[in-house]
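Chemist: My numbering numbers the first residue of the sequence shown as 227 and each following residue consecutively.
These are calculated hints, taken from the structure and not from any lab test.
All of these numbers come straight from a predicted model, not from anything done at the bench.
Heads up, a few of these hints could be off.
As the list claims (entries may be wrong) - Calculated pairs, DSSO-like style, for lysine-lysine (alpha carbon to alpha carbon, straight line, at most 30 Å):
hint : residue 1 : residue 2
1    : LYS285    : LYS382
2    : LYS265    : LYS245
3    : LYS315    : LYS285
4    : LYS382    : LYS245
5    : LYS319    : LYS285
6    : LYS315    : LYS382
7    : LYS245    : LYS285
8    : LYS265    : LYS382
9    : LYS319    : LYS382
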Amino acid sequence: VLGLDGAGKSTFLRVLSGKPPLEGHIPTWGFNSVRLPTKDFEVDLLEIGGSQNLRFYWKEFVNEVDVLVFVVDSADRLRLPWARQELHKLLDKDPDLPVVVVANKQDLSEAMSMVELQRELGLQAIDNQREVFLLAASIAPAGPSFEEPGTVHIWKLLLELLS
227 VLGLDGAGKS TFLRVLSGKP PLEGHIPTWG FNSVRLPTKD FEVDLLEIGG
277 SQNLRFYWKE FVNEVDVLVF VVDSADRLRL PWARQELHKL LDKDPDLPVV
327 VVANKQDLSE AMSMVELQRE LGLQAIDNQR EVFLLAASIA PAGPSFEEPG
377 TVHIWKLLLE LLS
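Please model the entire structure based on the sequences and the hints provided.
Modeler: Right, dumping it as structure tokens:
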């Protein structure tokens, strides 16, 4: 699970693992991991912090995963070009890796639409052979946790891609 700092990666992991989201933004200074059992297998999710000094590790991380989850703050228009740049660096690293882009914070009034995000992230320019999914979510500290429809969709998609 990668994405710029403040996108909601840690909250996403907490919600998937059944823990309540934390209030406020607490930057990840390293790694967070969660192991989630399913009926047929276990899903290991690893988050690497999104600050500039930790992005160096992202390219090594991508070599070891089956699916890349990239979380984007849909309301952060100023930093979206950086998110696009980092996402495309990762896409170039492994052309066969399926990618799930989580358009987080869709509940905010200033959030970009899915069409805007697809354009601004350059997803339409990605090779048609690659599996790339853009899903909306509202994973908020005061939100309804795992029952939020976007989170449920993302989890089901991850299970499908991993099975």
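Chemist: Now, for every hint given, state plainly whether the structure supports it.
Modeler: Going through the hints against the structure:
1. Of the pairs offered as hints, the one joining LYS285 and LYS382 holds, with about 26 Å between alpha carbons and a cut-off of 30 Å not exceeded.
2. With a CA separation close to 20 Å, the supplied pair LYS265 and LYS245 stays within the 30 Å bound.
3. Taken as a hint, the LYS315 and LYS285 pair is honoured in the structure, with Cα atoms around 8 Å apart against an allowance of 30 Å.
4. Using a Cα cut-off of 30 Å, the hinted pair LYS382 and LYS245 holds, with the two alpha carbons roughly 18 Å apart.
5. Simply put, LYS319 and LYS285 have alpha-carbon atoms about 7 Å apart, close enough for the 30 Å limit, and the pair holds.
6. For the hint pairing LYS315 with LYS382, the CA-to-CA distance comes to about 26 Å; that is within 30 Å, so the pair holds.
7. For the hint pairing LYS245 with LYS285, the CA-to-CA distance comes to about 29 Å; that is within 30 Å, so the pair holds.
8. Between LYS265 and LYS382 the CA atoms are separated by roughly 13 Å; this keeps the pair inside 30 Å, and the hint holds.
9. Restraint check: the Cα-Cα separation between LYS319 and LYS382 comes to about 26 Å, which is no more than 30 Å; the hinted pair holds.
No hint from the list above goes unmet by this structure.
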